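Q: From just these sequences and the hints, can you work out the full model?
Protein chains: 2
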Amino acid sequence: MRITFCCTGTKAQPWLEGLQAALPGAVVDLWTAGAASADYAVVWAPPQQFFDEQTGLKGIFNIGAGVDALMKLRLPPGVPVVRLDDAGMSVQMAEYVCHAVIRHFREFDGYEADVNAGKWSYRKPRSRADFSVGIMGMGVLGERVAQALQAFELPLRGWSRSPKSLPGVQCFAGEAQFHDFLAATRILVCLLPLTPDTRDIMNRDTLSRLQPDAYVINVARGAHLVDEDLIALIDSGHLAGATLDVFRTEPLPAQHPFWKHPKITVTPHTSARTLREESIVQIAGKIVALERGEPIAGIVNPARGY
Amino acid sequence: MRITFCCTGTKAQPWLEGLQAALPGAVVDLWTAGAASADYAVVWAPPQQFFDEQTGLKGIFNIGAGVDALMKLRLPPGVPVVRLDDAGMSVQMAEYVCHAVIRHFREFDGYEADVNAGKWSYRKPRSRADFSVGIMGMGVLGERVAQALQAFELPLRGWSRSPKSLPGVQCFAGEAQFHDFLAATRILVCLLPLTPDTRDIMNRDTLSRLQPDAYVINVARGAHLVDEDLIALIDSGHLAGATLDVFRTEPLPAQHPFWKHPKITVTPHTSARTLREESIVQIAGKIVALERGEPIAGIVNPARGY
Chain A
9 MRITFCCTGT KAQPWLEGLQ AALPGAVVDL WTAGAASADY AVVWAPPQQF FDEQTGLKGI
69 FNIGAGVDAL MKLRLPPGVP VVRLDDAGMS VQMAEYVCHA VIRHFREFDG YEADVNAGKW
129 SYRKPRSRAD FSVGIMGMGV LGERVAQALQ AFELPLRGWS RSPKSLPGVQ CFAGEAQFHD
189 FLAATRILVC LLPLTPDTRD IMNRDTLSRL QPDAYVINVA RGAHLVDEDL IALIDSGHLA
249 GATLDVFRTE PLPAQHPFWK HPKITVTPHT SARTLREESI VQIAGKIVAL ERGEPIAGIV
309 NPARGY
Chain B
9 MRITFCCTGT KAQPWLEGLQ AALPGAVVDL WTAGAASADY AVVWAPPQQF FDEQTGLKGI
69 FNIGAGVDAL MKLRLPPGVP VVRLDDAGMS VQMAEYVCHA VIRHFREFDG YEADVNAGKW
129 SYRKPRSRAD FSVGIMGMGV LGERVAQALQ AFELPLRGWS RSPKSLPGVQ CFAGEAQFHD
189 FLAATRILVC LLPLTPDTRD IMNRDTLSRL QPDAYVINVA RGAHLVDEDL IALIDSGHLA
249 GATLDVFRTE PLPAQHPFWK HPKITVTPHT SARTLREESI VQIAGKIVAL ERGEPIAGIV
309 NPARGY
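Residue numbers (the numbering used here), protein chains in the order written: chain A, 9 to 314; chain B, 9 to 314.
These are calculated hints, taken from the structure and not from any lab test. This structure is a prediction, so every number in the text was calculated from the model and none was measured.
Mimicking DSSO-like on lysine-lysine, the simulated pairs with C-alpha atoms at most 30 Å apart in a straight line are: (1) Lys-127/B with Lys-268/A; (2) Lys-66/A with Lys-80/A; (3) Lys-268/B with Lys-132/A; (4) Lys-127/B with Lys-268/B; (5) Lys-127/B with Lys-271/A; (6) Lys-268/B with Lys-271/A; (7) Lys-132/B with Lys-271/A; (8) Lys-268/A with Lys-127/A; (9) Lys-268/B with Lys-268/A; (10) Lys-268/B with Lys-127/A; (11) Lys-271/B with Lys-127/B; (12) Lys-127/A with Lys-19/B; (13) Lys-19/A with Lys-132/B; (14) Lys-19/A with Lys-127/B; (15) Lys-172/B with Lys-80/B; (16) Lys-132/B with Lys-271/B; (17) Lys-132/B with Lys-268/B; (18) Lys-268/A with Lys-271/B; (19) Lys-132/A with Lys-268/A; (20) Lys-132/B with Lys-268/A; (21) Lys-19/A with Lys-80/A; (22) Lys-19/B with Lys-80/B; (23) Lys-80/B with Lys-66/B; (24) Lys-127/A with Lys-271/A; (25) Lys-19/B with Lys-132/A; (26) Lys-132/A with Lys-271/A; (27) Lys-132/A with Lys-271/B; (28) Lys-127/A with Lys-271/B; (29) Lys-80/A with Lys-172/A; (30) Lys-271/B with Lys-271/A.
Derived coverage of chain A by chain B (criterion: at least 3 residues anywhere in the stretch with Cβ under 8 Å from a Cβ of chain B; other residues may be distant): (31) 95 to 109; (32) 151 to 164; (33) 258 to 269.
Note that beta-carbon positions come from the ideal geometry of N, C-alpha and C, so glycine has one too.
A: Here you go:
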């Protein structure tokens, strides 16, 4: 069995060694143009040429939760595309979102500005009932974020394509319930997959439907958000601000207004990083299962795009 | 039945109105020097004169979780001193501590400095196993903080006077296990009551026993911490920094080095504020119970001091 590795922007050597150690019977190598086809591919944003040449693949493993970069390519028909189930990402996402939610709800930025100015000043505690958190995207990551947020007793709402039921979360589904979901949301968290249906989903119309003084947290993909609509609604006072981890172009271009906006917190796509060791264990386990003809989790539905 | 209110630094009118509404049959008034004794007292840091004059009290209600200010006074013997059980404070404490723990563990201050300098830079994810959180004080607040932290999969340790058992928390008790508790703690959270036994408990000796590069979060009382020992250990590089919400003197004096220390985050005693509505419901309920001769929770043991 041959495994080929083709991951843009990723240091290959530790992955090659890790995959080799996990699958000692396999030949694991770095893809080069013109190489013979392998049995399995481990990829992140490969070029189209990769799939044009690798015609004997039995499985394609994406080393991330989002497969939107892959879905733009012509993929070999009938070959399962597999995304990482979790591999240590959901706990990171729960941390990132809880931190951003608490920081906003408890006004820690305001306290910090006061302290930097040498001021000891109280703020009236805000009412929990006024700060409902609405999560768009209730997959593995969204559910985990909702579960972690339960500890803080903020009203929780979730919106997903297909109906879900989660204890302690008011669930909304589909286009028909989207506006109702938005209307009572004070802190919006985007954890959607990026598909043609969800591109630009946070725009002037939808963001205007949120509660006055709402806050936006985007930890999904930059293309979910129309940048200039967010800025316009913050500057007009309808939105309180945003925490953004993902951007249309990454790294965020030097001249982009998000860098210096006083009400926008920027982080460099660090909310949930792929953890190599956990990912290798998961991918190796799934290759073994596929070889045995056993079912595996995480196979992407090309029609849905995730 | 008469209820007298004597709370330093608290706007009295909303409390008087709230207590009156909750106990319509009672006379509720603001204490003045020389007034006849009431049946119940609602207090925060009252003067000694208050207890010298109020000789007919059947119960003393402290509008906070910590009763250290009361325990310094000569109190009428045999009269129960009652502290707030929770009254919305434990969820606030869970928020504050989770925020500080995640902010430190995920290096959000470092990312913020990078972003302010226009830098898009990754940091290698830290290993969860290296960041055990050790909570000193496993009462209502400590347990709630531990419960909220479970979501983030950091190793949890707890230390208390008497032995406890909590799922997912490695528990230590008493003087004998204190050094073992400290030795493997990377993030120390102080939630102890302030008593003669716990005063100055975070000092050069004890803080030196923490893991190298440990972090300190104090949300209990300023007198738990020896300020100059903390600063010396941060400046020598043994400790990574601290988040402090409580201080020996509050407001923190203008010249205190904590204000400007680059590795210390200061907040103005805001981690868990007494919420008036919840507290009034709780106090009124306990007064009714005492009048009926029923047992109530939250009675302070004067020998322990909490």
